[in-house]
Amino acid sequence: MTTYTDPPKESFRLSMLLYDTRYRSMTIQIVALMGFMLLAAWLISNTIQNLAALGKPIEFGFFTEAAGYDINQTLIEYDNQDSHLRASFIGLLNTLVVAVLGCVTATIVGVLIGVLRLSKNWLVARIMTVYVEMFRNVPLLLWILLAMAILIESLPQPSAFRGEDPAATMKIFDSVAITNRGVYVPEPLFSRSLGEIHLFGQSSFRMDVSVDLIAIILVLGLSIFAVRKVTARAERIQNATGLRPTTWYINLGLIVVPLALLLAALGFHFGYPALKGFNFQGGTHLRNSLIALWLALSLYTAAFVAEIVRGGILAISHGQTEAASALGLRPQRIMRLVVLPQALRVIIPPLISQYLNLTKNSSLAIAVGYMDITGTLGGITMNQTGRELECVLLLMLVYLIISLIISAVMNWYNNRVKLVER
Amino acid sequence: MSEHQFVRKEMLPEQAPPASEVGVIGWMRANLFSGWFNSILTILSLLFIYYILSGIFPWTFQSVWNAGSLSECREIAQATWGESHGHACWAVIKDRWLQLLYGFYPPYPYAPDATVGNPPADAWLPSYFRPNLALVLLFVALAPVLFGHVSRKLLIVSAAYPFLMPWLMWGGSIWVPLSAAFGFIILFGVLKYGPSVMGSLVSVIVAVLAALAWWLVLSGYVTPILADIMPIALPEVQSREFGGFMLAVLLGVVAIGLSLPIGVVLALGRQSDLLIVKSLCVGFIETIRGVPLITLLFVASVLLNYFLPPGTDFDIIVRVMIMVTIFASAYNAEVVRGGLAALPKGQYEGADSLGLNYWQAQRLIIMPQALKIAIPGIVSTFIGVFKDTTLVSIIGLLDPIGLSQGIRSNAEWNGIYWELFAFIAVLFFIFCFGMSRYSMWLERKLQTGHR
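Taken in sequence, the protein lines are chains A and B.
Quick note, the numbering used here runs 609 ahead of the 1-based positions in the first sequence.
Quick note, the numbering used here runs 8 ahead of the 1-based positions in the second sequence.
Quick caveat, the hints were computed from the structure, so don't treat them as lab data.
It is possible that some hints are incorrect.
Unchecked claim - Label-pair ranges, simulated between beta-carbon atoms:
(1) 63(B) / 773(A): 22 to 32 Å
(2) 670(A) / 164(B): 30 to 40 Å
(3) 282(B) / 664(A): 40 to 50 Å
(4) 717(A) / 417(B): 45 to 55 Å
(5) 931(A) / 66(B): 43 to 53 Å
(6) 658(A) / 323(B): 17 to 27 Å
(7) 350(B) / 625(A): 35 to 45 Å
(8) 931(A) / 58(B): 37 to 47 Å
Backbone N, C-alpha and C fix where the C-beta goes; we use that ideal spot for every residue, glycine too.
Given these sequences and hints, build the entire structure.
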């Protein structure tokens, strides 16, 4: 008969909280939590005391007051009698505009440079190395200011376009005017427009969405859906018979014809910019501040993207390429079917953090006067209302939410392309 | 068998490879002109390089070095070269380089009106030697860390540097940094020799209390007495007079120096099993990484005084240092966490099986390897922080970019852009490029051939 005895029951001593590993982690955590709460309480009580001394209790009522300042580049209509909340919302949209534009351009330029840096051509590879080192080792703020200075100082004035023998001419079939007050590009107009939908009534978030745009997106979506159906059918036929039917003209027609019909029905035409008085009228006016910021952000981030792309492609072992060509795949298909899908897995996580960096760096807009959320909420609104605490905390919260959304979306995508591991 | 069979009996002598396959021509054929596409690319690249250099070289080298204003520069350029192309006006750099490097750091703090060109009668060296010496000593202090093969005795400089550098930069009595250092000596002394006399827990408490008592109470009495007996002091310089590239380097060095240890602690907290500690660390790191540095600088410039007890008012440069350090810590924490995560689990288990406790295992096994993996990331964080110090110009500090805007708003130099930007860009490039090359060298040196 076996007997086993419990270990002698120790009575709990206070010193065990520190010397016994069973309790020590608990002690550390409770001490850490208490320390954190004490710190937070200390900061909050200080803030309350300081605000009380200044007579500025925390409140957000100022958001409904009229902003009283103009924003020169807006996506949706705004005038200076709108509320501070609407001004901040316009700023948020401006941040998103420059972030999206920047991410797209940075990706394109970055991928191009990253691939060219791996070129067998010695000279091309060296030029790209110089580009990458040049942009990575000089502060972004300097690039933004430099881009702004180049736009303002070295481009022709609108008046240079006037006269019989003008010093400057419009580019691309007389449709784009590049001046030192910004770039004027043709704007799409619809002579038989379907009108606009007014969203969110009279609130600060109201916006007018063009029905034409919705219709175009809808038709394009349907076309793409049809194209995918055709491709899937081609795929099925190839699997069954080994012969792939030619589909490119069907696909092209599916995309182009419905869109062209729709545009014709809507009476689509361009509104060209034209010199009237001292300035260009008509067309869409992209201000220097937006272009400088966009250019500098995308070129700067492209240098980092290029390094990521290069690293990703180098990370794919040469055996993969060799095996693919042993299977008889052509170089183009090797790239598309073997190398890129694997390289993407290495590339995407650091690419996400570059997109996040670009979005956060777009806050440097304040240096060139582009009215993004930092320029509105953290700039003029803060200075006019004197509500530093509310404005700065809200600003941080907005950026935090944007960052979290971007990383959530990109992580979802990353999980989709990730190699399924055991 | 045929009669006309031919069998070579002797070896042919080796021939030199064809001229088109070796030497310069061979290299060019292989690397520049392999195929028509590459040839076109090469020619296009050459044209591009020629286009860029033909713009930059004449501008840079056919330039004006001696002038008092931009208009004078333009007149001289017009007189010398005629209406040809742009000419750099480096005179602005010659005129303002001290300001771009040191901001408004007074050359002779005891004689406010004196300048470098017009020193006071009893002048010794302009006080610019102080930041310069601080920079030189920084490299001496870092030498044992940066390069393994220097004398270990230099570690004394490394230990003294955190006290020496503020004294050199801000000036004042030498007894202030010495008494701050003495507090640490008390702390470490009690920690080292205490446990043999009292328990280890008691000695920790005694050490902290004794050091706090020294810093907060006793040094307040002792330091002025010592300063009276032996008045060794440098003339004081106010923080608001700091600026230029010196400010960028100072902010960078402080943020980098403080953020690495904080980042390591945060990374350990994030990797630990303690749920509350972990969530506190995750919350801190993600919050800081989710917002742009500029909002943290807004916090430094307008909010930090709200968060501190009423009446506290320390200057903007220290506030900015705090916020930049916090910012850099969060990024370093993520980099170090990457290093910790990349370490094979066997290393942790091996350390445990040797019977090491948590801190011993971290110090002897985990951290040396994790930090080695994390070196490229740490250095690129450092480079990022150093570049980001330029953002302080947005909240009104006079770093090189802030100063360049100030210089441009002067009547003489109104409208000058490229020369100032080029000067600042080159300064930053040298520092950042140097750091990145150093990290590559370090990576190779620490490579122990595991992978």
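For which of the previously enumerated hints does the structure constitute a violation, in increasing order of number? When the structure is compared with the hints, numbers 2, 4 turn out to be violated.
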